[in-house]
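Put the two chains together into one complex; each comes in its own frame, and the hints tell you how they fit.
Top line first, the protein sequences correspond to chains A and B.
Heads up, the first sequence is in our numbering, so the first residue is 1 and it goes up one at a time.
Heads up, the second sequence is in our numbering, so the first residue is 1001 and it goes up one at a time.
Treat the hints as calculated values from the structure; they're not laboratory data.
Do not take every clue at face value.
Claimed, not checked - Computed cross-link-like contacts, DMTMM-like style, restricted to lysine to aspartate or glutamate with a CA-CA straight-line distance of at most 20 Å:
#: 1; chain 1: B; residue 1: Lys-1074; chain 2: A; residue 2: Glu-212
#: 2; chain 1: A; residue 1: Lys-84; chain 2: B; residue 2: Glu-1097
#: 3; chain 1: B; residue 1: Lys-1116; chain 2: A; residue 2: Asp-195
#: 4; chain 1: B; residue 1: Lys-1154; chain 2: B; residue 2: Asp-1353
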Amino acid sequence: MVAGGLLAAWGLQRRDSIGGSAAVGAAALLYRGATGHCHVYDALGVEHGRQRGTGVIADRYSDTRARLGGSRGIHAEAAVTINKPIAEVFRFWRNFENLPKFMEHLEQVADREEGISHWVAKGPAGVSVEWDARIINEIDNKLIAWQSLEGATVATAGSVNFDETEHGTRVRIHLQYDPPGGRVGALVARLFGEDPRQTVREDLRRFKRLLETGEIPTTEGQPSGGRSMATHPSAKRPRDGSFADQRPLRAGAAR
Amino acid sequence: MRAVCWQGTNRIGVERVPDPAILNPRDAIVRVTSTAICGSDLHLLDGFIPTMRRGDILGHEFMGIVEDVGPGVKNIQRGDRVIVPFPISCGSCWFCEHELYSCCDNSNPNAWMAEKFYGYSPAGLFGYSHMMGGYAGGQAQFARVPFADVGPFKVPESLTDEQVLFLTDIFPTGYMAAENCNIQAGDTVAVWGGGPVGQFSIRSAFLLGAGRVIAIETVPERRRMAEAAGAETLDSMDPGVFERLRDMTGGIGPDSCIDAVGMEAHGPHVDYYYDKAKTMAMLATDRISALRQAIHACRKGGTVSVPGVYGGFLDKLPFGAVVQKGLTIKSGQTHVHRYLPTLLRYIENGDIDPSFVVTHRVSLDDAPRMYKTFRDKQDGCIKVVMKPH
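Chain B on its own, in the form it takes in the complex (with noise of 0.2 Å):
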C-alpha cells in the first residue's frame, strides 16, 4: 500500500509499504477512505516532538470501512463504516473506566520513553511518535486499529465522509477545550488561534452557551471562518490583543481563554522572538506567546483552556498571574471516545456540519506538497482532507 511517511525534519514522502496485519486478537484492519491532517502533525513534520524515526507512518484523523477484524472483535465486522479515535484506549484500565481515554494505561507499548517524560504514560495514539506508541498512522491506504472493539465509531451512510471525519479528533478536541471553559450562560469566551481546532472551539463555546466568542487569529481567511461562526475577531499580530480585550469586556477580561494556537505560536511581542531564540538554541522546548497572552488576559477567577499541544517545557510561563488571578488551567489530549455520541447528535441536528472546515481535497500523493501548504498558510489552506483510494 502507499502511505505518508516521516523521512527527517521538514521531509514527507508517500511510500510503498507492507499492507498492515492483524497483530493482536482485539485489532482491526481499516481501508482508509479519508484522512485528514492536522495541526498538530505540523509538530512532527518540524522535528518538534522528538523519538520519531525515519519511516513513521503519519495520521491520526482517518475514517474507512473495516477490512478486517481479529477474533477478539465482536461489535464491529467487515464492511462497516467507521471514524477512528485519535487516541488508543483499551476499555478496561481504570482510566478508560473513568472515560478519561486519552490517559489509557494499557496501550502504549513505549511506556517507559514517555515516563521518561512525563512521569506517567498517556495513551497511545496514531502516528505520533514513538514515545507515545510508534504507532503507524492513518495517512495511508489501510490503517491497524488496536482495540478496535473500544476505539472505532460507526457512522450512519446518510453522512458523508467530511461530515464526520473530524470526529476522530478536531471536533472533540475544540469541543473538550469549550467544555473545559465551565461555559456559563453568556459568557465571553477568547479563542486563539483560529486554525481548525479553534474553529471547533468557536462552534462549541456557542454551542455551551456562551454569548460572545472573540478569536484571536491574523489569517484573514481564518478570521472570516470564524467570523462566519458568530465570533468576533481580533488581529493577533495586533500589539494591543490585551488592551482590545479588556474594552471589549469592559474591563473585566473574557470568563475564559482557550489556547488552540500551542507550541509554535508566533506573535508580535519580543518574548516571541525571545521563545525562538531559545528553542532554535534548544534551550527550551516550545514557544509559548499565545499561551501567556491568555493566562494575562483572562478574567479573575476565569479558566485557561488548552487544547493546543505542548510537548515539553514552558519557559517564563507567567504563573504569578495563575495565582494571583485565582486561575484554573485544564488541558489534555482529547478523551475522544466520551464525546463521540453528542457530537454525532449534534451534526445528524443539523446544529454543525464540520464540512465547513475543509478548503482542500486531495490524493494522498500530494501529502507532501500539502504539508508545506498547510504549514506555511498558503493558498487559504485551513484543512486537508486526502482520498487514498
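One chain only, chain A, in its complex shape (with noise of 0.2 Å):
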C-alpha cells in the first residue's frame, strides 16, 4: 500500500510518459494494497490442483502478471530440463544465494530470515539496484513464488515450478520486473537487453549446466592468433553476456 502511494505519488510528479505508466502500474499495487486480496495462489495456482499439460509454459496459474497487476515492465519466462533429480534441481534454486552464479542481472543474494531476502542487481560504474523480496509460497519439489516487499525500490515477482519428465527435471521460471522509471527503471531495462525472454534463457541453460556438469563451460581465457579482421558478421557477442569473462584457475607456463 504504501509502495504504491509512493509509486503513484511519484508518477504523478512526472508529467511525462514513464511517470504516467509508473502511476498506472502503482494502481495495481495500490489495489491489492487496498484490499488485501492476495493473488498469489491464484497465481501460482496451487489450490486448484489442475493438471498440467506437457509442454506449457504459461498457464495462467503461474504467471506473475496476476500477481503483478498486468504485463508492464520486464516479464519473461522460459523453461529448462536438467537430468537430475528434483529434490536436488530445487534444493540449489531454493538456496537464492546461489543464484547469481547463473542469472546474469544478479550481483549478489543474500539470506535473511523468516523468508526474507536481499537482492543486489549488477549495474555499470558502480551504480546497482537493491531490494528486499520475501517468499510467498513453496512447495517442496513443486515451486518457490517470491516477490518483492512493499517499499522497495524495483517492484518485482518471480516463480519457478519443477516437474519431473522422463528426459529430467523440467524447470520452468516467471520472471517479472516492473522498475519505476527514471534512472533506475533504465537500468534494470538494460540488465535485460533487448530480448528479456533470451536473457533469461540463458540464465537457465547456465543453471542447467553447472547442476549437470558442474562447471559453466567457456572458451575465455583460451588463445587465439591476430584478431583484427575478417570477423564473420554472425560471431559478434551476444548481448545477454553469455561470453562472461573468466580468469583461467591456472596460468599456462610459457612454453
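Put into C-alpha cells, the structure is as follows:
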C-alpha cells in the first residue's frame, strides 16, 4: 500500500509518459494493498490442483502478471530440462544465494530471516539496484515464488515450477520486473537487454550446465591468433553477456 | 606456442599465440604429438562454414601427452598418452547418457548461435567455428581439452601415433557411417568419395559384413587405395555412374549408399554447375551432387548414410525419391566416444591399421602449404599428419 502510494505520487509528479506508466503500474499494487486480496495462490494455481499439460509454460495459474497486475515492465518466462533429480534441482534454487551464479543480472542475493532475502542487481559503473523480497509460496520439490517487499525500489516477482519428466527435471520460470522509470528503471531494463526472454533462457542454460556438469563451459581466456579484420558478422558477441569474463584457474606456463 | 590459425577465407597462417591454460575444473592441457588436417577443415578454409573469426586456432584431430589436469579430472593424469575425440561432451546430460555424444547439451558456450541455425545446439567441437563453440583447436603445440574426464581416451604404448590418431574422427566417422547402413551379411554398399572418411567407410563396411563395396571417386590414387581394401571403383566424373551401379547390382541398386563427400561436391552433371552458381551467388550454402546421386542410385527401401558434412540449406534435394522408394536417411556428427573401445580392439587385433591413409608427414609450419596441397589433391595427398614439436 505504501509502495503503491509512493509510486503513484512519484509517477504523477512527473508529467511525462514514464511517470504516467509508473502511476498506472502503481494502481495494481495499490489495489492489492487496499483490498488485501492475495493473488498468490491464484497466480500459482496451487489449490486448484490442476493437471498441468506438458510443455505449457504460460498457463494462467503460474503467471506472475496476475501478481503484478498486468504485463507492464519486463516479463520473461522460459523453461529448461535438467538431467538431475528434482530434489537436487529444487534445493539448489531454494538457496537464493546460488542465483547469481547463473542469473546474469544479479550481483548478490543474501538470505535474511523468515523467508526474506536481499537482492542486488548488477549495474554499470558501480551503480546498483537493491531490494528486499520475501518468499510468498513454497512447496517442496514443486514450486517457489517470491516478490519484492512493499516499498522496494523495484516491484518484482518471480516463480519457478519443478516437474519430473522422462528427460529429467523440468524447470519453468516466470520473472517480472516493474521498474519505476527514470534512471533506476533504465538500469533494470538494460540488465535484461532487448530480449528479456532470451536473457532468461541463457540464465536457465547456465543453471542447467552448472547442475549437470559442475561448471559453466567457456572459451574465455583461451589463446587465439591476431583478431583484427575478417570477423564473420554472425560471430559477434551476444547482448546477454554469455561470454562472461573468466580468469584462468591456472595460468599456462610460457613455453 | 605455435598454432595454425584461420586468417580469413583461403588464408591459413602459423602464428605464435599464448599457451592454453586450465579455465574450468574439468579441463586438461594436452601436449600435441600428432595432429591431422581433416577434409572438413577445408570447408572452414574456403569460408563455407559461417561464424569463423580471424585468429581462430584450427584442428579437431589431435592426440598427445596430458600435460596438466584441472582439479575435477581424476581418471587421467599428467603423462598419460591420449587421443581426443573431436566433439566435446560433458558426459552427464541426457544426450551423453544416451551415447549421443555429438549432441551434448552442455559443451557449446555459443549454443544460442547454433540454435539460430539449427533450432537446437549440437556439441561444441574443437576448432570448428564459433557457432560450434569457438573452441581453440588442436593444430597447435598444446591444446586445452574441456570435460577431460569424458573425452580423452588412453591408448597403449604398443601402437604408434598414426595407428591411433584417426580414432579422434575419421575412423569412427567412417565406422558410424557404415553402422548407420544397417548392413546385412553380403550387402552391397556404394560409397561416394574416396577421401579419408570414404576410405574408412569402405573398410568399416567390410568389417560389418558387406559382401561388396563400390567406391565412386575420380582421383586415381584414391581409387587405388579403395581397391586395396577390396572395393570396386567407378569414376565419379563418369556420367554413367547410376547406370553402372544399376548394372553391377543386377538392376536392383546398392542396398545402402554412403555420401562421404559432403557440401562441396564436384560432378559431371548439370546440377553441379547449378549448385556452384547458386552457392557463388550466395543463394544456396551447399553443393550436393553426390548426395543427389546417392539418393537416386539407392535401391528401394535402402539406406542413405551421410557422414559428409553439410552446413545449411540444400537446394534441389530429390526428396521425392526418398519418399517414393521408402529410403532411410541417417546422418550426424560422429558420437566418437561410443566407438572407441570397439575400434581400438580392431586395431589391436590387426583387423585394420589406420595408418594406411597417411600420405604426408610434415611439421606444423608446413600447414599453410599442406592445406592447399590437400584441397587441390596435389602430390597424391590423401591425409596430412603434422608433428607440432
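Run the distance test for Lys-84(A) versus Glu-1097(B): straight-line Cα separation, threshold 20 Å. At roughly 12 Å apart (the allowed maximum being 20 Å), Glu-1097(B) and Lys-84(A) satisfy the hint.
Next pair to validate is Lys-1116(B) with Asp-195(A); report whether the Cα-Cα distance is within 20 Å. Given that 20 Å is the threshold and the Cα spacing comes to 14 Å, the pair holds.
Quick one, are Lys-1154(B) and Asp-1353(B) close enough, alpha carbons at most 20 Å? Holds, at about 18 Å.
Starting from Lys-1074(B), check that the Cα of Glu-212(A) is at most 20 Å away, please. This hinted pair holds, its Cα atoms lying about 18 Å apart.
Violation of the numbered hints given earlier is absent; every hint is satisfied by the structure.
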